[in-house]
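2 protein chains.
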Amino acid sequence: MQLPSKVKLVDVGPRDGLQNEKEPVPAAVKIALVHRLQDAGLRDIEVTSHVSPKWVPQMADAAEVMAGLARQPGVRYSVLTPNMKGFEAALQGKPDEVVIFGAASEAFSQRNINCSIAESIERFAPVVEAARAKGIHVRAVMSTAVGCPYEGEIAPERVEMFARLARQIGAQHLGVADTIGVGTPRKVQRAMEAALKHFELDAVSGHFHDTYGQALANTLACLQMGIWQYDASVAGLGGCPYAKGATGNVATEDVVFMLHGLGIETGIDLDKLVDAGKFISDFLGRKPNSRVATAVLNKRSG
Amino acid sequence: MQLPSKVKLVDVGPRDGLQNEKEPVPAAVKIALVHRLQDAGLRDIEVTSHVSPKWVPQMADAAEVMAGLARQPGVRYSVLTPNMKGFEAALQGKPDEVVIFGAASEAFSQRNINCSIAESIERFAPVVEAARAKGIHVRAVMSTAVGCPYEGEIAPERVEMFARLARQIGAQHLGVADTIGVGTPRKVQRAMEAALKHFELDAVSGHFHDTYGQALANTLACLQMGIWQYDASVAGLGGCPYAKGATGNVATEDVVFMLHGLGIETGIDLDKLVDAGKFISDFLGRKPNSRVATAVLNKRSG
Chain D
1 MQLPSKVKLV DVGPRDGLQN EKEPVPAAVK IALVHRLQDA GLRDIEVTSH
51 VSPKWVPQMA DAAEVMAGLA RQPGVRYSVL TPNMKGFEAA LQGKPDEVVI
101 FGAASEAFSQ RNINCSIAES IERFAPVVEA ARAKGIHVRA VMSTAVGCPY
151 EGEIAPERVE MFARLARQIG AQHLGVADTI GVGTPRKVQR AMEAALKHFE
201 LDAVSGHFHD TYGQALANTL ACLQMGIWQY DASVAGLGGC PYAKGATGNV
251 ATEDVVFMLH GLGIETGIDL DKLVDAGKFI SDFLGRKPNS RVATAVLNKR
301 SG
Chain W
1 MQLPSKVKLV DVGPRDGLQN EKEPVPAAVK IALVHRLQDA GLRDIEVTSH
51 VSPKWVPQMA DAAEVMAGLA RQPGVRYSVL TPNMKGFEAA LQGKPDEVVI
101 FGAASEAFSQ RNINCSIAES IERFAPVVEA ARAKGIHVRA VMSTAVGCPY
151 EGEIAPERVE MFARLARQIG AQHLGVADTI GVGTPRKVQR AMEAALKHFE
201 LDAVSGHFHD TYGQALANTL ACLQMGIWQY DASVAGLGGC PYAKGATGNV
251 ATEDVVFMLH GLGIETGIDL DKLVDAGKFI SDFLGRKPNS RVATAVLNKR
301 SG
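For the protein sequence lines, the chains are D and W, in the order given. Counting from 1, one number per residue, gives the positions in the first sequence under full-length UniProt numbering. Counting from 1, one number per residue, gives the positions in the second sequence under full-length UniProt numbering.
Just chain D, same shape as in the assembly:
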């Protein structure tokens, strides 16, 4: 089994995770979470989203959160910027990376970002141009790359199409996201192969949900393809908006446990990461949605 020797994890908890909380989390708590993540060794953190507070009140404090960060050198702080208005709002916070967020499924694009795939690409193009002109890294995320709650299975050709469009407008990185967690190892590999037709191995990452418990198996399958960048969410923050009570983002703790067990370096201190997850879970009044965190916390309490 030939695997990468190092893996970079992007913790998307503060953004993708907390965006799905019913009650907005105070900016100070979000800032404290980012600080704990960077202290645990995370070098890539998706911090917030510059979107309309009317649609996403959970992220209304984006500017405050970015302004409040005690930044560490070597850490990349990224923000979602769905359009030029968001991008311009983001600039003051000096993000290291902006994220544009589309879909491989037409129906999901319509329902999630209220426009067709083609329209979304048109909307993203000036954002990419403006970001690159300012030397800001651009990551495109393709949601529903394996399955869609409205369209069912997504063919690899659809993934390739979105990847081609994202490449054409100048995105430097493509995140391949199994938004509803229905992917299994071979399906995920086929989606990745399609993405790799337009992006280099070093410019592709996996974003897996654990709704059906498949995230780590899918990660292993992608590691075997040489893919070395993955999103994950501390304490499994995020839930799954399409199935109440179900699991969403894979927990960073669980991914780290597997990677370290495989002898792969992440630069992350698992104990501190569990602490970060416990911190935010305590605030939210629930237990971390991570099997590793559960086992580690049980072990600690004897």
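Calculated directly from the structure, the hints in this document are not laboratory data. Errors might be hidden in some of the hints.
One copy or two, either will do: identical chains are not told apart, so a pair holds if it fits within one copy or between any two.
Said to hold, decoys possible - Lysine-lysine pairs mimicking BS3-like chemistry, simulated, CA-CA at most 25 Å apart:
| hint | residue 1 | residue 2 |
| --- | --- | --- |
| 1 | Lys54 | Lys22 |
| 2 | Lys299 | Lys22 |
| 3 | Lys287 | Lys22 |
| 4 | Lys94 | Lys54 |
| 5 | Lys278 | Lys197 |
| 6 | Lys278 | Lys8 |
Take the given structure of chain D and dock chain W to it, following the hints.
Chain W only, in chain D's frame:
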């Protein structure tokens, strides 16, 4: 990715799962669970254990459960028989398979079955001989094959030693069990490679715990070695006696979802399996400990 086209799952829920419940489950409920499992397509079910009711009151009804089964042709009903006394008690129930249960870790053997590994093998030898004389299949299970709660990591040499001893006394099959769920894909593969020095590929199975969420990734790694037999427990029955509240046996539902997604046949109807898990979980007054069951039940309830 070359994988087996078919996989056989052994549901260990009625035995390994319910043995870990504080309150003994009534025989009628156990029988109903076995019936639901066979109706869902399971062809291998670990039903009960013939052990001292003083030590394991949960299995005191072993004879009653075996006598109460409406057996289906083609289904293998297995029982644990730790010694000759248990084996003789088991005979009346006409099991298709008896299971002997040892450990790769000396400390675990001492604490779990109150004897050394060498003594356990001595105790098992007459059981194997008597079973084979009667044409009953014998499966040996090696617990703590990757890690031990008392000794830490277990070297593959220890696995090989237990495998050699089990083979010497005539066991026909070896189950390699990661009892505390600390295994990750490469470690599990190394344990399997050691087991395969003494047992053929068709005579080895994997038994993984999901305590750290690694069971499906470990299963995928073993599928890639050609291993096509796995234990699992419906609804994740079993818990983890070494970490309160943590997950034990991997849920059969989660394994089936991955296998079917990979295009591997199991003969199991996932919906009926989820029903079986819900049946026993409702009886126990909790939710199934399976991400797939959670997602499927959420989806059903709309």
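Status of each hint after checking the structure:
no., hint, result
1, Lys54 to Lys22, "within (14 Å within a copy, 50 Å between copies)"
2, Lys299 to Lys22, "between (31 Å within a copy, 20 Å between copies)"
3, Lys287 to Lys22, "both (17 Å within a copy, 23 Å between copies)"
4, Lys94 to Lys54, "within (23 Å within a copy, 68 Å between copies)"
5, Lys278 to Lys197, "neither (40 Å within a copy, 43 Å between copies)"
6, Lys278 to Lys8, "within (22 Å within a copy, 39 Å between copies)"
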